[in-house]
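Based on these hints, arrange chain B on the given structure of chain A.
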Amino acid sequence: DAEITQSPRHKITETGRQVTLACHQTWNHNNMFWYRQDLGHGLRLIHYSYGVQDTNKGEVSDGYSVSRSNTEDLPLTLESAASSQTSVYFCASSEGGAGTDTQYFGPGTRLTVL
Amino acid sequence: GIQVEQSPPDLILQEGANSTLRCNFSDSVNNLQWFHQNPWGQLINLFYIPSGTKQNGRLSATTVATERYSLLYISSSQTTDSGVYFCAVERSGANSKLTFGKGITLSVRP
Chain A
1 DAEITQSPRH KITETGRQVT LACHQTWNHN NMFWYRQDLG HGLRLIHYSY GVQDTNKGEV
61 SDGYSVSRSN TEDLPLTLES AASSQTSVYF CASSEGGAGT DTQYFGPGTR LTVL
Chain B
1 GIQVEQSPPD LILQEGANST LRCNFSDSVN NLQWFHQNPW GQLINLFYIP SGTKQNGRLS
61 ATTVATERYS LLYISSSQTT DSGVYFCAVE RSGANSKLTF GKGITLSVRP
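Protein chains in written order, with this note's numbering: chain A, 1 to 114; chain B, 1 to 110.
Pulled out of the complex, with its shape left as it was, chain A reads as follows (with noise of 0.2 Å):
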């Protein structure tokens, strides 16, 4: 069966680090996001692909960056963590195009920054 995967499921890390977290989808989807989760806020999105070599800030993309150098993947990087970033980080994908667009999560990474 086609799924998305995220790894870590969990990580605490250190102020100033370099963080990467993998979203891995095998459903051949053209469409991959990346939303954090925050008391309060609901889901917000981070940055988003349309298609390989496409990335696109969202509404919380400060501090992040994303590269996606073919179908299946969209790597996220904390590129010196901070504080305010601690949050649960969602990956999802859709197929795009006309017709329904539904969105597909993965479970989440739980992000811890010390």
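By construction, these hints were calculated from the structure, which means they are not laboratory data. A quick note: this is a predicted structure, and the numbers were derived from the prediction, not measured. Errors might be hidden in some of the hints.
[Said to hold, decoys possible] Straight-line alpha carbon distances no greater than 35 Å define the calculated DSBU-like cross-link-like pairs of lysine-lysine that follow: (1) K57/A <-> K97/B; (2) K102/B <-> K54/B; (3) K102/B <-> K11/A; (4) K57/A <-> K54/B; (5) K97/B <-> K54/B; (6) K57/A <-> K102/B; (7) K11/A <-> K97/B; (8) K57/A <-> K11/A.
For chain B alone, coordinates are given in the frame of chain A:
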């Protein structure tokens, strides 16, 4: 940007009761989805419903796009329905990007 408001913010039900969750949005939308986040944090897509009515078992949803709202109905609630329900919309022209409401926390008591 588009505003998405969900109500009520919290809901407590006795098992077997019915409930209606509401989502209001401030602009025209191409896409509206309802998600359930279970107590383990997993987000599950319930409905893709930019307009009209859909049913899936005890759950149904209706979107009236011209009046900018959507309703999620839960009938004969079960403890496994507990969690947070999110409405997310794609503003017309936003090209697949979803804006989420803050969610409705549902607790179903046995």
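Checked hints:
Restraint check for K57/A and K97/B: satisfied, since their Cα atoms lie roughly 11 Å apart, inside the 35 Å limit. A distance of roughly 23 Å separates the Cα atoms of K102/B and K54/B; the hinted pair therefore holds under the 35 Å criterion. For a cut-off of 35 Å, the pair hint linking K102/B to K11/A stands: about 25 Å separates their Cα positions. Between K57/A and K54/B, the direct Cα distance comes to roughly 33 Å. Compliance with the 35 Å bound is thereby established for this hinted pair.
Only pairs whose Cα atoms come within 35 Å are accepted, and K97/B paired with K54/B is accepted, the gap being roughly 22 Å. Of the supplied pair hints, the one linking K57/A and K102/B holds, its CA atoms being roughly 21 Å apart against a limit of 35 Å. Annotation: proposed proximity of K11/A to K97/B holds, straight-line Cα distance about 27 Å (limit 35 Å). The suggested pairing of K57/A with K11/A holds, with an alpha-carbon distance near 24 Å, which does not exceed 35 Å.
Violated hints are absent here; each numbered hint is respected by the structure.
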